[in-house]
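Chemist: Residue-level listing of the chains:
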Amino acid sequence: MPDAGFFELVFAREWDDLARSLTGNINMTFENYLAHLQRTLPQATIDTIYMVSFASLFAVLFGIIVGMTLYVTQPSGIYALPKFNRLLGAIINIGRSIPFVVLIILVFPLSRVIVGTSIGRTASIVPLTIAAIPFMSRVIEAALNELGRGIIEAAVAAGASPSQIIFRVVLPESAPGLVSGFTLTIINLITFSAMAGVIGGGGLGHIAHSYGVARFRTDMLVYTIIILVVLVQIIQAVGQYISRRLDKR
Amino acid sequence: MLEINNLSKSYATPDGPLLALRDVSVRVNKGDVFGFIGLSGAGKTSLARCVSVLEKADAGEILLNGLDLTKLKGGALRNARRKMGMVFQHFNLLMNATIFENVAFPLRIAGRKKDKIRARVLELLEVVGLSDKANTYPATLSGGQKQRVGIARALAAEPELVICDEATSALDPDTTRSILALLKQIGAATGVTFLVITHEMDVIKTLCSHVAVMEGGQIIEQGKVIDVLTHPQTETARRFFAKDHSEEGWFKAVQEKRIGRHIFRAVFIGESARKSFIHDVIRRFDIKLSILSGSIESVSGTMVGSLILEIKGDEPLLAQAMAYFRENGVEIEEIEELHNA
Numbered sequence: 001m002p003d004a005g006f007f008e009l010v011f012a013r014e015w016d017d018l019a020r021s022l023t024g025n026i027n028m029t030f031e032n033y034l035a036h037l038q039r040t041l042p043q044a045t046i047d048t049i050y051m052v053s054f055a056s057l058f059a060v061l062f063g064i065i066v067g068m069t070l071y072v073t074q075p076s077g078i079y080a081l082p083k084f085n086r087l088l089g090a091i092i093n094i095g096r097s098i099p100f101v102v103l104i105i106l107v108f109p110l111s112r113v114i115v116g117t118s119i120g121r122t123a124s125i126v127p128l129t130i131a132a133i134p135f136m137s138r139v140i141e142a143a144l145n146e147l148g149r150g151i152i153e154a155a156v157a158a159g160a161s162p163s164q165i166i167f168r169v170v171l172p173e174s175a176p177g178l179v180s181g182f183t184l185t186i187i188n189l190i191t192f193s194a195m196a197g198v199i200g201g202g203g204l205g206h207i208a209h210s211y212g213v214a215r216f217r218t219d220m221l222v223y224t225i226i227i228l229v230v231l232v233q234i235i236q237a238v239g240q241y242i243s244r245r246l247d248k249r
Numbered sequence: 001m002l003e004i005n006n007l008s009k010s011y012a013t014p015d016g017p018l019l020a021l022r023d024v025s026v027r028v029n030k031g032d033v034f035g036f037i038g039l040s041g042a043g044k045t046s047l048a049r050c051v052s053v054l055e056k057a058d059a060g061e062i063l064l065n066g067l068d069l070t071k072l073k074g075g076a077l078r079n080a081r082r083k084m085g086m087v088f089q090h091f092n093l094l095m096n097a098t099i100f101e102n103v104a105f106p107l108r109i110a111g112r113k114k115d116k117i118r119a120r121v122l123e124l125l126e127v128v129g130l131s132d133k134a135n136t137y138p139a140t141l142s143g144g145q146k147q148r149v150g151i152a153r154a155l156a157a158e159p160e161l162v163i164c165d166e167a168t169s170a171l172d173p174d175t176t177r178s179i180l181a182l183l184k185q186i187g188a189a190t191g192v193t194f195l196v197i198t199h200e201m202d203v204i205k206t207l208c209s210h211v212a213v214m215e216g217g218q219i220i221e222q223g224k225v226i227d228v229l230t231h232p233q234t235e236t237a238r239r240f241f242a243k244d245h246s247e248e249g250w251f252k253a254v255q256e257k258r259i260g261r262h263i264f265r266a267v268f269i270g271e272s273a274r275k276s277f278i279h280d281v282i283r284r285f286d287i288k289l290s291i292l293s294g295s296i297e298s299v300s301g302t303m304v305g306s307l308i309l310e311i312k313g314d315e316p317l318l319a320q321a322m323a324y325f326r327e328n329g330v331e332i333e334e335i336e337e338l339h340n341a
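These protein sequences, in sequence, are chains A and B.
When the letters of the first sequence are read in order and numbered with our numbering, they come out as residues 1 to 249.
When the letters of the second sequence are read in order and numbered with our numbering, they come out as residues 1 to 341.
What the hints contain is simulated information worked out from the structure, not anything from laboratory work.
Possibly wrong hints are sitting among the right ones.
What the hints assert, rightly or not - Which bits of chain B does chain A cover? Going by a derived footprint, with three or more residues having C-beta under 8 Å, they are:
#1 84 to 90
#2 205 to 216
Unchecked claim - Listed below are the simulated DSS-like cross-link pairs for lysine-lysine, each with C-alpha atoms no more than 25 Å apart in a straight line:
#3 K312/B - K83/A
#4 K275/B - K312/B
#5 K30/B - K248/A
#6 K73/B - K83/A
#7 K205/B - K30/B
#8 K83/B - K71/B
#9 K133/B - K116/B
#10 K56/B - K71/B
#11 K275/B - K252/B
Here a beta-carbon is modelled for each residue, glycine too, at the ideal position from N, C-alpha and C.
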C-alpha cells in the first residue's frame, strides 16, 4: 500500500480512482479495496490448496489401487482376470463420462454422510476425489503399461511372486511415469475445484463466480485466474522435476 | 539333470493354431553346455520359455532333477524357478535400479540375508568385471556391459541351470566374443549346466559341448557338437555347419572348368589336424595336390581342420591316396556337385 508523503501527494487520487473504477463503487478507496482483497483472496487460495491436496491424496491412494488392479488383471497381466478387468473398465468409463457438475450434485448426500455437510471446502473433497479416481486409475494403468514385458518376465523367471513383482519391479520402474500422472491429475483437480467452488464449494472458484461473474467484478476474475495459473505452473514444474530425478533410464 | 520328454506347444493365431514345438525330447546332463540352433520360427525360443515356465507347455514333461516343471504351481513353481537363471537377448534389466540392485534382485526375492547378498553380488561383479559400476545405473552401460549384468544376475542365486536365450544376438561381433569367453569361463569354473539358444553357429562352436538342431518345432538332429559338426545327418544341419562356398574365390575359379577335375573336401579332427598328412601323401603317391581353401578351428575344445583340395593324377593313384587319408582318420570325400561343399 502506498505510504504517506510522496505517494499520497502524487498518486492518492489516481489509486482511489482506480479502486473506484475497478469496483464500480463511488465510495471505494484504494485502502479499502486492498483490505477487501486481503480478506478474500488468500483464504480462497488456501481453501483451493486444501481441497486439491486432500482430494489428490485420496485420488492417488485409490487410483494406485484401482490402476494397479486394472494392470495386473488385464488378459496378459501377472494376475489375469479378463472378465473382472472388463467389468472394472466399464465402471471406470461410466465414472469418467459423468460430467463433474452433475457428479457434485449426485454426491451431495454422500458428502453429508462423510463430512457432515454438503457445502464448503471440506465437503468438496468428496466429489473431487470421486471424480479423480477413474481418471487417475486410467493414467496409472497407462504409466504401468509403459513397462516392457521383458522386465516382468525376467522377474517371473527369477521366481518373484506377484506382490514382489509389483513392489520391487512394477512400482519402482514406473515411478517417473506415475509422478507425471499424479501431476496431471492434481492439475485437473485444480480445474475441477474451481467448478466445485461455483456450487458452494469455496475456494478460488467461489470468488471467481460470486464476485467476477455475479457482481461483474472483472478484476476479481483476473486475480483468481492469475493465482490459478501460478498454482498450475508450480505444480507442473515440481512434478516434472521429481519425475526427471526418478528417471534413470 | 534336465530331461524333456515329448514336449509340445502351440500358439493361437488368427490363422489357426501354430505348432511351435512338436514332440521334443532331449536329455541334458549336469555340466553340459547344450546349444539349440535353428532359424527363427524353429521353436528354440519356445523351448527355452517352456523350460523357464514363462509359457505353459501343451503336452509332455520337463524334469529338472526329477521334478516335473509343467505340473508345478505357485510357491513350488517359484522355488523351482529360483534354481534356474535366465539371460535375455535384450538384457531386461531394472532401469531404475543400480547395477548392484539388479544383481541382488534374485537374492532379495529369495529372502537372503543382507550381508550375504552384498558379499555374493560383489563377488559376481568381480567375475563379470563390473566392480567399479556397482552404484551406476544400466543406462550408462554399453550393450556388452548390460549383458554382463544380466549374466551376473542369472548366476546370483547359484542356479543349477542357466538358460541363455539369444544372449549375444543383440551384440556386435567383438562384444559377442567377450561375452562367450565370459560364459565359457563361468561354465568351466562353476560346472553349471547351460541351455544356449542361438541362431549363430559361432556360439555353438565356441561355447557348447552338445547341440540340437531345430526345424519346424522339432529337434531334427542332436549330439556332441563335434559329431554333429563333422557328420551332419540332415540338410539343415549341413547348412548350419558347413560353410557356404559358393561365395568364395576358388569356387568360382573351379566352377568354370569343372570337367575332368577332382575336388575333395578333407576333414581333420583332433590329433590328425596337427600332423603333416599333405606332405606324406605327396611323397608317397605320384599325384599333384593343391589346396584351394582351408581353415582350422576349435570346436568345443577340439581342433577341426577343413581343406578343399584339388588332386591331379591317375585314377588308381587317387583312390590309393584317398584310402591313405582314411586309414589315418582323415575324412575325405569328393565334391560331386559344386553347389555347397
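Chemist: Any hints this thing doesn't respect? Which numbers, in order?
Modeler: 2, 3, 5, 11
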